[in-house]
Amino acid sequence: MSNAAPVLRVEGLRVAYAHARGAVRAVDDVSFSLRPHERFGLAGESGSGKSTMALAILRMIKPPGRIEGGEVWLDDTPLSKLPPDAIRRLRLAGIAMVPQGSMNSLNPVVRIRDQIGDALADHGTKLPRRALAARVRDLLVDVGLPPETGDKYPHELSGGMKQRACIAIAICLRPKVIIADEPTSALDVVVQRQVMETLGRVQMELGAAVILIGHDMGLMAQFVDRLGIMYAGRLVEEAPIRDIITAPRHPYTQLLIESLPSLEKKGGLRGIPGLAPLLRDLPPGCAFHPRCPNAEARCRVEKPSVRTMGTDATVACHFA
Amino acid sequence: MTPLLELRDVTKTFGTGILGRERKAALERFSFAIDPDRPRVTAVVGESGSGKTTLARLLLGLILPTAGQVLFRGKDLHGLNAAGRREFRHHVQAIFQDPYEVYNPFYRVDHVLTTPVRKFRLAQSKSEGHARIEEALRAVGLQPGEILGRYPHQLSGGQRQRIMVARALLLRPRLIVADEPVSMVDASLRATILGSLRKLHEELGISILYITHDLATAYQVADSILVLYRATVAEAGDVEPVVQSPQHPYTQLLIGSIPRVSTVRDWAAEPVQGERDSIATGCRFADRCPSVMPRCRTAVPPLFQTAPNRAAACFLYDSAPALPAGKVAAVLAAVQAKEPSAAV
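Protein chains in written order, with my numbering: chain A, 1 to 320; chain B, 1 to 344.
One should not assume that every hint holds.
Said to hold, decoys possible - Lysine-lysine pairs mimicking DSBU-like chemistry, simulated, CA-CA at most 30 Å apart:
1) Lys327/B <-> Lys265/A
2) Lys152/A <-> Lys62/A
3) Lys303/A <-> Lys266/A
4) Lys75/B <-> Lys126/B
5) Lys266/A <-> Lys119/B
6) Lys62/A <-> Lys266/A
7) Lys152/A <-> Lys81/A
8) Lys327/B <-> Lys75/B
9) Lys265/A <-> Lys199/B
10) Lys152/A <-> Lys24/B
11) Lys303/A <-> Lys265/A
12) Lys126/A <-> Lys81/A
13) Lys327/B <-> Lys266/A
14) Lys81/A <-> Lys62/A
15) Lys24/B <-> Lys119/B
To be verified - A short, non-exhaustive set of chain A residues, derived as facing chain B with CB atoms under 7 Å:
16) Glu11
17) Arg14
18) Leu74
19) Leu157
20) Gly218
21) Ile245
22) Ile257
23) Ser259
24) Leu260
Said to hold, decoys possible - Interface residues of chain B toward chain A, partial, derived using beta-carbon atoms under 10 Å:
25) Pro290
26) Ser291
27) Leu323
If you are wondering where the hints come from, they were derived from the structure by calculation, not from laboratory data.
From a predicted model like this one, the values you see are computed outputs, not experimental measurements.
Think of the CB as a built atom: it goes at the ideal place given N, C-alpha and C, for glycine as much as any other residue.
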């Protein structure tokens, strides 16, 4: 699997937002790639640039935001070279997104089956009524919903069912990549587990790759194959999930893992000292140095570059 | 000893459906008491719709029970005279989920701190009041110079939530009801806020009711725990045995669903039963329960006291004595301050 050509490649992506005091860089020179079938996680605190990354991949950054540079490749297609209508077709069909809080963005006055039908029709899939009904039914069954769900309105469904309906819309055109932005953040743990099982299963059936965005390291540990850690717009570490858990290289990754309260023993409640920096007012050198337990003089002046470690990991820390 | 605050056989129903004609119980025949002599941190854990916020609102006197009584120092909370209400507002404090909503955006944040000092005459002079405010802010890890004089929008969610903790500290209440106090702040800040709550309990002997959906933080902060499932108590007791060896199948499902940072992928190993649907007669967990028995569908299990310090509402434990209705507090009271509390 590791030799397969990547299905998605992000190279040197930079996104900035115009601000009264100059541009604020929300995504700063981020590169990673996604192999077919792979589950890649993007984790970090709020404001670290995770969701902006997702929007930038889909070229959905709106002014005052702007993609400043870099390229996203889907197979061999550079997305920045595509005309707007081709990008529009590619969304959902090539790269589908389950946005944050998407279960609350279902249209409240349209039945679920019509919302799935609209997605298909909008992307040029015109089916006779009976075939469309069969297609919708299959999609609902795929995500573990009873077929009658199609006749219901969003308010008649629970949070978990709504989120599964959103996954049904996301997979209706068999995309190669599914981006799920905090898909379970408003759900209870039991329902979260069910929704993630559903996402994992449909992903395998489709053979799609998944980018899971979130801040719960436990969820990442249980779901993804590889994990990228974002801090102040940069990808500060990327490695197979097993390596991140057993031997995190970046001090921020270590603290992020330790800040998850333990169920095994008491006394495991530790925070990360300090606050996430404001993007418009980043500290010089390594953006993490004011909060870093290992920071030295060099970290205050010199921004660490992203270095490759071994065959499948990168880290941006002077001491890793 | 008269409890500080007590719910006696309380039921709260809300109307649902068109015109609110269908009644749905948010909390059913629930009894609970806060013992003023043995302050504890009690966690109330449950999924959305389990009744945990209804419990908080009943305790704070924000809503009236449909049946049963809410008592403050033995007197009906809703029949208190002015002096009694004033005492209640002094000794029972609340910290809510959203640290954005509790502030008036037009006032400086000082307002939420100076008002209680004035209303409850906490200080003899203006300078003493100011000194107490600064002391309270420092106690929750804030620099008074960075906080006072600011407007709410100039502070982070974590700072605003800590000001609410400082406000509670200022009043030296007997009980703080904290309803999801950290669910809207970043993981890195949760520890600080929960740590300051825990400190208030340890240093000032304040009882804390920590209401949350997050079992892991509940385990870290609380001495005892109540697990709510669809308006009733599923399991209650000392937090250590309840989390380490849960007895009620719902608690087991809940704990098994928490994704852990581990290289062992035990999370998706077993398929989970479907989501909750229609309310059945009998045990409310019956339609999801892997150990369901015929009797679970016809009778409601009482709380069986399986050990001095724990109880579970499940027929699997029917060899244990059933707790008389309303005696959950007795089980929770069996939790002694025997082990050193979590170093948070």
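Hints, one by one, checked against the model:
1. Between the alpha carbons of Lys327/B and Lys265/A the distance comes to roughly 29 Å, so the proposed pair stays at or under 30 Å and holds.
2. For a cut-off of 30 Å, the pair hint linking Lys152/A to Lys62/A is broken: about 33 Å separates their Cα positions.
3. Straight-line distance between C-alpha atoms of Lys303/A and Lys266/A comes to about 37 Å, which puts the hinted pair past the 30 Å bound.
4. The suggested pairing of Lys75/B with Lys126/B is violated, with an alpha-carbon distance near 35 Å, which exceeds 30 Å.
5. Distance hint between Lys266/A and Lys119/B is unfulfilled; the C-alpha atoms sit about 39 Å from each other, more than 30 Å.
6. For a cut-off of 30 Å, the pair hint linking Lys62/A to Lys266/A is broken: about 46 Å separates their Cα positions.
7. Distance check on the hinted pair: Lys152/A and Lys81/A sit about 41 Å apart at the alpha-carbon level, beyond 30 Å; violated.
8. Of the pairs offered as hints, the one joining Lys327/B and Lys75/B holds, with about 19 Å between alpha carbons and a cut-off of 30 Å not exceeded.
9. At roughly 19 Å between alpha-carbon atoms, Lys265/A and Lys199/B fall within 30 Å of each other, so this suggested pair holds.
10. As the CA atoms of Lys152/A and Lys24/B are separated by approximately 22 Å, the hinted pair is consistent with the 30 Å bound.
11. Restraint check for Lys303/A and Lys265/A: the C-alpha separation of about 37 Å exceeds 30 Å, so the hint is violated.
12. In summary, the hint linking Lys126/A to Lys81/A is supported, as the alpha carbons are separated by about 28 Å, within the 30 Å threshold.
13. For the hint linking Lys327/B to Lys266/A, the alpha-carbon distance of about 28 Å falls within 30 Å, and the restraint holds.
14. Distance check on the hinted pair: Lys81/A and Lys62/A sit about 18 Å apart at the alpha-carbon level, within 30 Å; holds.
15. Proximity of Lys24/B to Lys119/B is assessed by CA-CA distance (about 39 Å); at most 30 Å being required, the pair is judged violated.
16. Taken as an interface hint, Glu11/A does not check out: its beta carbon lies about 30 Å from the nearest beta carbon of chain B, beyond 7 Å.
17. The restraint placing Arg14/A at the interface with chain B is violated, with a minimum CB-CB distance near 25 Å, outside the 7 Å limit.
18. Contact between Leu74/A and chain B, as hinted, is not supported at the beta carbon level, the nearest pair being about 28 Å apart and thus beyond 7 Å.
19. For Leu157/A, the interface hint is violated, since its Cβ never comes within 7 Å of a Cβ in chain B; the closest pair sits about 10 Å apart.
20. Here the hint on Gly218/A is kept, as its CB sits about 4 Å from the closest CB of chain B, short of 7 Å.
21. Interface hint at Ile245/A: satisfied, since its Cβ lies 5 Å from the closest Cβ of chain B, which is below the 7 Å cut-off.
22. Checking Ile257/A against chain B by beta carbon gives a least distance of about 6 Å; that is within 7 Å, so the hint holds.
23. With a least beta-carbon distance of about 5 Å to chain B, the hint placing Ser259/A at the interface is held under the 7 Å criterion.
24. Given hint, Leu260/A at the interface with chain B, holds; its Cβ is 6 Å from that chain's nearest Cβ, closer than 7 Å.
25. For Pro290/B, the shortest C-beta to C-beta distance to chain A is roughly 13 Å, which exceeds 10 Å, and the interface hint is violated.
26. For Ser291/B, the suggested interface contact is broken, since its CB lies about 16 Å from the closest CB of chain A, more than 10 Å.
27. Hint status for Leu323/B: violated, given a least beta-carbon distance of 26 Å to chain A, over 10 Å.
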